[in-house]
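Taking the hints into account, I'd like the entire structure generated from these sequences.
Here are the chains, one letter per residue:
Protein chains: 2
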Amino acid sequence: MVVEFIFVGTELLLGNIVNTNAAYLSEKCAGQGLSCYYQTVVGDNEGRLTGVLQTAMERSDIVILSGGLGPTEDDLTKEVAAKVCGKALYMHEPSRQALERYFLKRGIELTDNNWKQAMIPEGAIVLENPNGTAPGVIIETKKAKVILLPGPPGELCPMFEESVAPYLARLTNTVIFSQTVKICGVGESKAETMVKDLIDAQTNPTLATYAKTGEVHIRVTASADTEENAMKLTAPVVKELKKRFGKAVYTAEEGVTLEMAVTELLKSRNLTVTCAESCTGGLLSGRLINAAGASDVYKAGFVTYSNKAKHKWIGVKKSTLKKYGAVSAETAREMAEGAACAAKADAAVSVTGIAGPDGGTEEKPVGLVYIGCCVKGRVTVKKYQFSGNRAKVRESAVAAALTLLRKCVLDAS
Amino acid sequence: MVVEFIFVGTELLLGNIVNTNAAYLSEKCAGQGLSCYYQTVVGDNEGRLTGVLQTAMERSDIVILSGGLGPTEDDLTKEVAAKVCGKALYMHEPSRQALERYFLKRGIELTDNNWKQAMIPEGAIVLENPNGTAPGVIIETKKAKVILLPGPPGELCPMFEESVAPYLARLTNTVIFSQTVKICGVGESKAETMVKDLIDAQTNPTLATYAKTGEVHIRVTASADTEENAMKLTAPVVKELKKRFGKAVYTAEEGVTLEMAVTELLKSRNLTVTCAESCTGGLLSGRLINAAGASDVYKAGFVTYSNKAKHKWIGVKKSTLKKYGAVSAETAREMAEGAACAAKADAAVSVTGIAGPDGGTEEKPVGLVYIGCCVKGRVTVKKYQFSGNRAKVRESAVAAALTLLRKCVLDAS
Numbered sequence: 007m008v009v010e011f012i013f014v015g016t017e018l019l020l021g022n023i024v025n026t027n028a029a030y031l032s033e034k035c036a037g038q039g040l041s042c043y044y045q046t047v048v049g050d051n052e053g054r055l056t057g058v059l060q061t062a063m064e065r066s067d068i069v070i071l072s073g074g075l076g077p078t079e080d081d082l083t084k085e086v087a088a089k090v091c092g093k094a095l096y097m098h099e100p101s102r103q104a105l106e107r108y109f110l111k112r113g114i115e116l117t118d119n120n121w122k123q124a125m126i127p128e129g130a131i132v133l134e135n136p137n138g139t140a141p142g143v144i145i146e147t148k149k150a151k152v153i154l155l156p157g158p159p160g161e162l163c164p165m166f167e168e169s170v171a172p173y174l175a176r177l178t179n180t181v182i183f184s185q186t187v188k189i190c191g192v193g194e195s196k197a198e199t200m201v202k203d204l205i206d207a208q209t210n211p212t213l214a215t216y217a218k219t220g221e222v223h224i225r226v227t228a229s230a231d232t233e234e235n236a237m238k239l240t241a242p243v244v245k246e247l248k249k250r251f252g253k254a255v256y257t258a259e260e261g262v263t264l265e266m267a268v269t270e271l272l273k274s275r276n277l278t279v280t281c282a283e284s285c286t287g288g289l290l291s292g293r294l295i296n297a298a299g300a301s302d303v304y305k306a307g308f309v310t311y312s313n314k315a316k317h318k319w320i321g322v323k324k325s326t327l328k329k330y331g332a333v334s335a336e337t338a339r340e341m342a343e344g345a346a347c348a349a350k351a352d353a354a355v356s357v358t359g360i361a362g363p364d365g366g367t368e369e370k371p372v373g374l375v376y377i378g379c380c381v382k383g384r385v386t387v388k389k390y391q392f393s394g395n396r397a398k399v400r401e402s403a404v405a406a407a408l409t410l411l412r413k414c415v416l417d418a419s
Numbered sequence: 007m008v009v010e011f012i013f014v015g016t017e018l019l020l021g022n023i024v025n026t027n028a029a030y031l032s033e034k035c036a037g038q039g040l041s042c043y044y045q046t047v048v049g050d051n052e053g054r055l056t057g058v059l060q061t062a063m064e065r066s067d068i069v070i071l072s073g074g075l076g077p078t079e080d081d082l083t084k085e086v087a088a089k090v091c092g093k094a095l096y097m098h099e100p101s102r103q104a105l106e107r108y109f110l111k112r113g114i115e116l117t118d119n120n121w122k123q124a125m126i127p128e129g130a131i132v133l134e135n136p137n138g139t140a141p142g143v144i145i146e147t148k149k150a151k152v153i154l155l156p157g158p159p160g161e162l163c164p165m166f167e168e169s170v171a172p173y174l175a176r177l178t179n180t181v182i183f184s185q186t187v188k189i190c191g192v193g194e195s196k197a198e199t200m201v202k203d204l205i206d207a208q209t210n211p212t213l214a215t216y217a218k219t220g221e222v223h224i225r226v227t228a229s230a231d232t233e234e235n236a237m238k239l240t241a242p243v244v245k246e247l248k249k250r251f252g253k254a255v256y257t258a259e260e261g262v263t264l265e266m267a268v269t270e271l272l273k274s275r276n277l278t279v280t281c282a283e284s285c286t287g288g289l290l291s292g293r294l295i296n297a298a299g300a301s302d303v304y305k306a307g308f309v310t311y312s313n314k315a316k317h318k319w320i321g322v323k324k325s326t327l328k329k330y331g332a333v334s335a336e337t338a339r340e341m342a343e344g345a346a347c348a349a350k351a352d353a354a355v356s357v358t359g360i361a362g363p364d365g366g367t368e369e370k371p372v373g374l375v376y377i378g379c380c381v382k383g384r385v386t387v388k389k390y391q392f393s394g395n396r397a398k399v400r401e402s403a404v405a406a407a408l409t410l411l412r413k414c415v416l417d418a419s
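If you're matching them up, the sequences are chains U and W in order. Under my numbering, the first residue of the first sequence is numbered 7, with each subsequent residue one higher. Under my numbering, the first residue of the second sequence is numbered 7, with each subsequent residue one higher.
The reader is advised that the hints may include incorrect statements.
[Stated by the list, open to error] Below, a list of computed lysine-lysine pairs in the DSS-like style, where the Cα atoms sit at most 30 Å apart:
#, chain 1, residue 1, chain 2, residue 2
1, W, Lys388, W, Lys328
2, U, Lys314, W, Lys328
3, U, Lys318, W, Lys273
Quick caveat, the hints were computed from the structure, so don't treat them as lab data. Just so we're clear, the structure is a prediction, and the values are computed from it rather than from any experiment.
Below, the structure is given as structure tokens:
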């Protein structure tokens with residue numbers, strides 16, 4: 007079956023916002039086995055929208071429109087779609103009541119223009135919108151199914167997950183199941199080489215690799231008649247990936263991030279952790295504390311940006327700083343040891359490097375970073391050369407620090 | 007004049023990448039006074055691309071295509087465009103040599119399929135690509151100007167700036183000049199109200215407001231026959247904005263961020279700064295140190311996530327923590343005072359709050375954050391209630407902390 011997208015909104019034509027709905031819907035529909043050949047962006051203009059919708063309904067089985075369902079005069083997607091499909095609009099009582107409840111709950115006055123959001127084309131399926139005011143709509147015609155969704159991603163995405171995906175699954179009689187194996191500390195091209203045979207050999211499930219900063223994600227996607235059968239197809243491939251990548255796999259669970267995995271690992275080993283940061287300046291601690299519940303393992307950390315601070319707070323020797331410099335393996339080592347000692351933590355990670363754009367020399371170029379990790383008194387120091395601008399170097403250093411901490415904790419036990 | 011975009015690439019239809027080129031080109035072309043009514047995404051398919059291009063050339067004066075200029079068999083944008091425009095392709099000697107140089111410089115072997123990138127439609131204007139292998143092309147026909155650009159943003163954006171923008175400026179005989187006034191500590195709707203009369207009254211220059219976390223940016227854009235004349239139009243409006251928003255304007259210069267402005271302010275007053283962070287856990291320090299040259303003002307900072315750490319490192323009284331709790335105005339005050347004292351810094355900012363998703367109570371809900379700021383011994387504490395998820399609350403708290411620090415430093419002198 008062929009799906010086509012129409013994104014409605016002058017703000018898209020003016021470039022005021024990036025169309026993230028396009029990538030989201032494309033990926034979701036491809037995942038459900040639908041083919042997509044065209045996507046169009048058009049403004050809130052009756053004539054042009056009518057033309058684009060008519061063309062789409064001629065050449066595709068399913069047309070998904072997003073945007074233009076709101077209360078203002080500009081919003082005319084539903085009115086145009088109803089007209090093109092030859093359906094009259096009527097006041098849909100449950101949607102009217104939902105609107106009332108929405109405004110009452112937030113204590114906002116409901117102005118008259120809002121009611122038009124509860125007008126629904128005759129015979130259409132209404133999709134509830136718990137995150138906004140405009141419900142979604144599915145109009146089924148002989149030519150095509152026309153699906154209208156609100157534009158804000160915070161409304162569109164949950165509505166797609168809850169209402170549209172199951173509707174499409176019934177249409178295509180196919181269930182899609184995906185599982186992602188997340189890997190850290192293995193480069194993208196190496197990871198790709200390690201799974202190339204699997205990618206080439208498989209058609210169901212399929213494998214796709216995605217490079218993230220310091221990580222590679224491998225998504226395994228299967229389609230079948232039931233979710234259970236789809237899971238039966240992915241399971242052996244996920245098992246094989248875990249075997250090939252071993253300890254580098256930090257999770258195969260949905261929604262788990264590297265900082266969450268590291269926090270959980272520390273918690274399971276009953277270890278506390280601290281950070282001593284120079285060039286990352288707090289970003290590593292900030293990311294560790296992203297994980298809700300980090301307070302079980304993380305108590306205190308140090309941003310030691312100056313040499314003085316490195317000496318005063320975490321006891322890096324003045325002689326070390328003088329002899330080897332702040333960006334050196336020796337300083338990274340003493341930062342990790344000193345931070346563990348000062349914070350009375352079982353583990354400590356230190357980061358010191360040259361994030362740029364200035365400060366680089368031939369010997370110590372921009373992007374050079376030393377990361378130290380101390381776990382129960384045993385210290386490991388690694389040297390890295392990252393590329394990219396200041397922000398990218400710092401982001402790469404944070405990911406590498408989490409990866410090294412994880413490795414050292416795993417090796418320690 | 008009317009411009010239209012065609013984005014070519016199966017990876018867009020599959021949702022593997024977000025189409026940032028769309029927002030980039032839309033904004034740039036709107037800035038040059040061009041109207042855009044349609045944008046289309048289509049795959050690397052000869053028949054469908056031919057149809058889409060023909061339609062676009064019928065209804066628009068300028069058609070910009072991006073993607074599909076590469077060396078592989080899939081890449082057929084140039085071949086299709088040449089055919090639709092009735093132009094034969096020939097080997098363009100300067101482009102051939104540029105290709106050779108590109109590969110030689112990188113020490114990569116040049117495979118045969120690469121030569122097709124140097125094939126150019128007869129009579130076309132060639133746009134050099136210093137950042138990649140495929141040159142851009144402008145084909146001028148009676149119906150429309152057809153502009154072909156490479157897909158990777160790292161190649162498309164510089165090529166647009168250097169070659170396409172001046173070409174469009176000559177076509178439209180217009181130069182566009184923009185200046186952005188950046189404001190912190192004023193809510194979006196208040197800022198909009200404060201400039202509504204200007205927005206309504208102005209057609210050249212135009213004003214547009216953009217909400218960022220904790221900031222509002224107001225862009226003033228003028229068009230004229232020369233850049234000098236365009237600047238003459240924006241200058242009085244920028245002056246008026248500075249007058250209306252007063253100290254809330256932290257910059258009207260290109261590329262200056264809030265952390266850069268705060269760092270510069272501290273430097274100009276000869277003040278050093280430190281941070282004591284609980285719920286933001288290092289992100290505030292991390293953002294301050296985004297500003298290259300932060301080392302002049304920032305020496306050391308503290309991530310004091312646990313109560314013990316708040317007491318031990320920055321001297322928050324145990325009785326304060328017990329009586330008022332870690333998330334309280336009293337604790338924020340002692341954190342700021344204690345951090346300034348411990349780090350021997352002239353100024354200190356503290357953040358303590360409930361980022362969620364857990365830990366909220368009726369009295370202290372998720373999103374409640376206290377920020378303390380101590381400048382030369384004088385402490386200010388403010389209470390905030392942020393909304394959104396954990397990441398959003400933390401991001402908002404960081405922006406509010408920078409804004410409060412800026413305000414306290416300005417007030418102190």
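Verification of the supplied hints:
no.	hint	result
1	Lys388/W <-> Lys328/W	20 Å, holds
2	Lys314/U <-> Lys328/W	33 Å, violated
3	Lys318/U <-> Lys273/W	23 Å, holds
Checked against the numbered hints listed earlier, the structure breaks hint 2 alone; every other hint is satisfied.
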